[in-house]
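Number of protein chains: 2
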Amino acid sequence: MGDLISDSVTSDLFYIPKSEFEFVLDSKLSKIQKAEIIASMCRVNTLYMIANAGSGHIGSSFSSMEIMTWINLFEVEYINPENILENENIFFSSKGHDSPALYNTLIAKGILDFDYIHKLRKIDGLPGHPDINTPYIYTNTGSLGMGVSKAKGMIFANRLRKIEKFVYVLTGDGELQEGQFWESLLSATNNKMYELIVIIDHNKLQSDTFVDNVSSLGDLKLKLISFGFEVFEIDGNEISELANTIKKSKLVLDKPKAIIANTIKGKGVKFMEHSSIDSDTEYYKFHSGAPSNENYLLASEELINYTKHKFQTNLNLELKIEKIESRINISPLNLTKLIPAYSDVLLEVSEQRKDIVVLDADLLIDTGLLKFKDKFTSRFIECGIAEQDMVSQAGGLALSGFLPIVHSFACFLSSRPQEQIYNNSTEKTKIIYVGSLAGILPAGPGHSHQSVRDISIMASIPNLIIIEPSCIEDLNLLFKWVINENNSSCYFRIESIPFENKIKIPSNLELKLGNGISIYNPEKERKNLIIAYGPLFLNIALKVAERLYEETNIPIEVINHPWLNNVDNDWLKKCSYNIDNIFIIDNNYKNGSLGQLFEAKLSECQIDKVKLFHKYVDSIPKSGTAEEVLNFHKLDENSIFFYIKDKIN
Amino acid sequence: MGDLISDSVTSDLFYIPKSEFEFVLDSKLSKIQKAEIIASMCRVNTLYMIANAGSGHIGSSFSSMEIMTWINLFEVEYINPENILENENIFFSSKGHDSPALYNTLIAKGILDFDYIHKLRKIDGLPGHPDINTPYIYTNTGSLGMGVSKAKGMIFANRLRKIEKFVYVLTGDGELQEGQFWESLLSATNNKMYELIVIIDHNKLQSDTFVDNVSSLGDLKLKLISFGFEVFEIDGNEISELANTIKKSKLVLDKPKAIIANTIKGKGVKFMEHSSIDSDTEYYKFHSGAPSNENYLLASEELINYTKHKFQTNLNLELKIEKIESRINISPLNLTKLIPAYSDVLLEVSEQRKDIVVLDADLLIDTGLLKFKDKFTSRFIECGIAEQDMVSQAGGLALSGFLPIVHSFACFLSSRPQEQIYNNSTEKTKIIYVGSLAGILPAGPGHSHQSVRDISIMASIPNLIIIEPSCIEDLNLLFKWVINENNSSCYFRIESIPFENKIKIPSNLELKLGNGISIYNPEKERKNLIIAYGPLFLNIALKVAERLYEETNIPIEVINHPWLNNVDNDWLKKCSYNIDNIFIIDNNYKNGSLGQLFEAKLSECQIDKVKLFHKYVDSIPKSGTAEEVLNFHKLDENSIFFYIKDKIN
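Quick mapping for you: the protein sequence lines, in order, are chains A and B.
Heads up: the first sequence begins at 1 in my numbering, then just goes up one per residue.
Heads up: the second sequence begins at 1 in my numbering, then just goes up one per residue.
Everything labelled a hint here was simulated from the structure, so no lab data went into it.
Even glycine gets a Cβ: it sits at the ideal position worked out from N, Cα and C.
Incorrect hints may have been included.
What the hints assert, rightly or not - Derived, one-sided and incomplete: chain A residues facing chain B with beta-carbon distance under 7 Å: (1) Met146; (2) Met154; (3) Gln180; (4) Asn213; (5) Gln312; (6) Thr313; (7) Asn314; (8) Asp389; (9) Pro462; (10) Tyr589; (11) Cys605; (12) Asp608.
Said to hold, decoys possible - Which chain A residues stay away from chain B? Per the calculated CB distances, all over 10 Å, these: (13) Lys18; (14) Val76; (15) Glu88; (16) Ile304; (17) Cys383; (18) Leu509; (19) Tyr549; (20) Leu602; (21) Asp636.
The shape of chain A in the complex, shown without the other chains (with noise of 0.2 Å):
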C-alpha cells in the first residue's frame, strides 16, 4: 500500500559483505543460532538497499526479518529458478512491501546474486514489490489479500500431481481488513489444505498508523478460528518459537494453519520500534520511504553494532563492514507536488460544502488527507484497506444526499472496487474518485502500483468524467469546477511524483468539457500540436515544444487536455483545423487511453488531412528509477524529442 515519495540518504552507505554470510552458513552454530545471526545482518542490508534505493519499507521488512529468514534458510529449498516444480515447498509474501526483507534473505542463502543489495528499486534489479522476473519469486504480489488465493491454485496443481508441499504465505495484518482474505479461507478450510500455513505478520501496524486506530481486526484468533484454521500465535521475532510452531503445524493434517505471528514494527531500531510511538494521534513515520540522513546513520550504527556483537559472541569473530558512497542524485529545489496542493483546495471546498465527507482507505497521509481529518473529523471515514467496502459505503452515502470524496491509490482505486464503481454510477448520484500516485512514475515500486490502466478501466462508466490537473493553478480549478459545477461523478486522477514545473495555466481561463487549454504556441501558423495532460508529460512536451522551436524552427502548439473521457467535438475540429500532425502523449496503455479516443474522434469528425502520432507506455512498466523507466518505454524528453523531430521532416 503507502508508497511515500521522499528524500534520500546522501550521505555513506554500509553494507555486510557476501563472505560474512558465507561464514556464518558454514559454521557450526545451530539452525536457530544461525537465522537469528543472518536475520540481524540482514536487517543491516535491507537498510543499505532502502537508502540506496531512496524509498522502500524499512517497517514490514524489519518485522517479518526472522520470518523470512527462517523459512528462506530451513522451511524451503530452491533448486530451480525457473521451475516452481522443482522446488521443495513454496514461499512467497502475499503483502509484498516487505520484499526488502525477502530479498535480502534469498541473497543471505546465496540463491540470489549479492550484486542485487545495490539494485533495489533499480531498473533489470530488484522491483519493488515482488514479480516473478526475479528468481525464485514464485508469484507477483503487491495488490493486497490475493495470497491465500494464490497458494490455494499451487496446493490444487500439487495435489493434481500428487505431489505434497507446504506453501507458506506470508500475510500483514492491515492486509487482512482486505475481503478477499477472508473469501479465500472458506474454500480451504473445505478442502482440508493442511498444506497451507499463513503467518500473520502482527506488527499492529498499517500504512498509516496503528491496526487498531484504522479498522480494528478484532479478535483475529477467534475469527481464524471461526473459519476453520488451526490457529497459533506467537512471538514472530523469537525464530526458536516459529521454527517450533510450524514444527508442530505440519502435524495438524485436516486444517489450514494460521500463524499469528506478534512482531515489531521496524524491530532491531529502537526508535523506528513501534512499540516506542507515544500515543495513538501519532503516525508511524518508517513505513514506506527512504530514512532521513540522520535516521539512516542512526539506525545503521544501532543494527551494526549489535550484529558485531552477535558475531563477537557466538562466532568470536570481527564483523567486516563495507562502505559506499551514496550515488543518490540531490533532487533540484523547488519541486512542485500536487498532493500537498490537494490538500489545501479539498480543505478549503469543504468549508463552504457540508456535503462533503471524505472516504480513505488507510493511506491518508499519502493520499493528503491530515488537514481534512483534522479539521472536519466527523465528515472522514477512515475505511482500512478495504475498497470495496469504502466505494460502496459512498454509495450509501451519496444515495442520502451527501458528496462523498473516495480516496486511494489509482492503481488499487480503479481496479478492486470496478464492480462497486460501476453499481455506483447506474444509481446516478454524485461520486468523485480520486486516484492518485496516478501513471507510470514512480516506477520503484513496481507494476502493482504503476496505474497505467486506470484510464482505459473508468472510461466506459456512465456519468463519469476523467479529469487529470497537470499543475497546482489546474488542480485548484479542475477541483472546484469538479465539485461546484460538474453534475457527474468524476476520476480526479493525480500523479504524486513532485516535479519541475513550467506549465502555466491562463488565469481567465474557462473550463469547457472535452476542450483543451493551450499552454505553449509560438507562432499563430503552426502545423502541429502535442497533446497531453499531467505534469510528467505535459512539462515533457513543453520542453520538447520549446527545444524543437530554438532547434529547427519548427512552432508546436502545447495543449493542457485534462479531460481523459472526453472530447469535444467542436473543439476538435477548431483545434485541428490547418494542423498537419498531432501527436498524443499518453500516461497509459494504449487500448482505452486518451489518445485512442482522439483517433476514434479524428475519424468520427471526418477530420482527415490531420496525421495522429500516439505515445503510450507499451508494455507493462519496468520498475527502477524515472530516467531509467522512462528511457526503457522510449517516454523521456529525449525519445519524444527525437520521435516528433523525425515525424515531422
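Position chain B against the provided structure of chain A, taking the given hints into account.
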C-alpha cells in the same frame, strides 16, 4: 447470480386482486396474523409475476417472503418515494434476486401501484433486480455482497444528520461467500453500528445447489460473533419469531446485529421446498427461470388453496382470484444455444489437454459445466460466489503449469476480480476467462447482469485477447484455437440467449487474429460493410443486409469480427479498400468498444475515405423483454435497417 433462460408458462395465470390485500390490512387481525396471510397471498402473486415475466427467482422469493412481508408492513414507514431521508427506517435486499417478493410486499402494502404485478421484467415496469427508479427502492442491487457497505454509508449519513434510523439489510447465504461481505463487517463493529440489522435468508441453497456443497460457510454463527456482531438465530418463516427477535435486537445498543433466519427455499410449495430434495447430487430446480406449465399449475393451486383456507379460518371469507390468459409469446422452435455447445467443446478439448482445470463461481448450470464436472471431477474446482478468490486461484494454478479456465457471468467476471485478472496478466501465464450471459440480452435481469462494459474493461489487460463467437461452428473453431494455437490469455465472451441462427462460417476458415470473416457478400463491387460479432447483432446484420439488398438493390458485405480488442492493420486496409461506409454494431457501451477501436484504427492507418458509423448501447441498459429493450436502445432490426438505409442514401 444465476438467471436461467427457460421456457414460459402458456396456461392461464392466476393472481389475487388488490381488494383482498386491502381487506386483510383493514381487518382487525393482529399484525402477526395479517403478515402471515399477506405473505401467503404474496406467494400466489409472486408465482404469477414470475410466470408472467417468463423468468425470475422463485426459490429465494419464497424463502424470504415472511421476512419481506413483516419488515415492509410493520418495521419501516414509506412516506416519500423520491427521498429516502423522509422515510422511517430503511429496508433493502442485498441479494436482489428476491425482488419479486420485495415488489409484491410493497404492492401488498399499497405503496407500489398494483398494476406492477403484470410488469415484472418489462420495460418501465419492475426490473429483474431492484433499481432506484422504482419507487421506494433505495439502492441498486443484483451484484452480490454490497448491501452492508451501502447500509453503513446510509447510517453514517443519518448520524451526520443526527437522525436515528434502523437499516435492515436482507442478504442471501450464498452471498456470504463474497469477500466484500466480511470486509464490510469490521467497520460496522468498530463504529458500534447498532442501527444495522442484517438478516440472512439462510435457505441453505444458492444458485446451483446446497451452500454446503458449493462452499460451506462452516460455523456461520461463530463467524459473525467473531466479527463482533450480536447474533440471533431463528426460523425465518415464522413471523412471530422474527418480530420478537427484531424487537429484542433493537435493545442491543453497542453492536451491529445479525439475524440468521433459517428458511426453506421454495417455501410454500411442497415440491419446490428444498427440504424435499432427495440427495446432494441433485441440483435445485427453482432458483431461477420460469416454472414449467405443469409446475406452475400445481404450485399455484397449492398456494391458492392454502391462502383460501387462511382466509376462511381467519376472516371467514371466500378469497377472490383473478384469472388471465398468458400473454407470453411462444418462442420459435429450433433456436440455437451457445452454452450447450460450449459444454461439448470444453469436454472435447479437455479429453486431450490434461492440463486443463475448470473453475466455477456457483454458476455451473448457467455456464454449462455440468458435463465437465461429471467427467473430470478432480479437475473441477467449485469456488462459490467468490470471483476474486477464483481468479487468483487460477493464477496459482497457471504458475504451477496448468491451464485454468475460469467461468462466471460476463458482468461479474470482468469487473469483480479486475485487479486479480490484471495481476495474473503481469505474470504472463495463460488463463482463459469465459464470461457468459454477455451483452444487452437477456434484458430481464436488469443492468447488474447486462454485460455491456466487459469489452471496455478487459481490452487493456496486457497479454489478453478478447473473443466472441457468433454461432456453434464459430465457437468450436475459436475455442479450439484459443486453447491449442494461441499463447496469450483470453477473455472468451459468450451470449447466453437462444437465437435463430442464419450465420454460416466458411468450412475452410483459417483464423487470423484481428482479421474479420466475410459471411455475406451478394456482389463483389460493394461499397458498404457491416461489421458485428456475436449471435444477436451478427444475425441482425445479416437480416438487415439481405433486406437492403432485396429492397434497394444495394449490396452490403457482412463481416464477423470475433476479435474484440484486436484489429489487424493490413486486413483493415484490404477490407476497406473501395469502401464508402463501414457500419459497426457493438453489444457494449461506446467507450472502449470494438467500434471505437475501428475508428482509432482508421486514423492510425490513415484510411481517409471511409466513413464509419457506430451503433452501440448508448445508456445504462433497460430491463424488459428483448424486443422492448432493443427497441428502446434503437438496436432492433428495424432501427438498424433504417439507420443504415438513411446513411447510405
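Check: Which numbered hints does this structure break?
Finding: The structure breaks hints 4, 5, 6, 7, 11, 17, 20; every other hint is satisfied.
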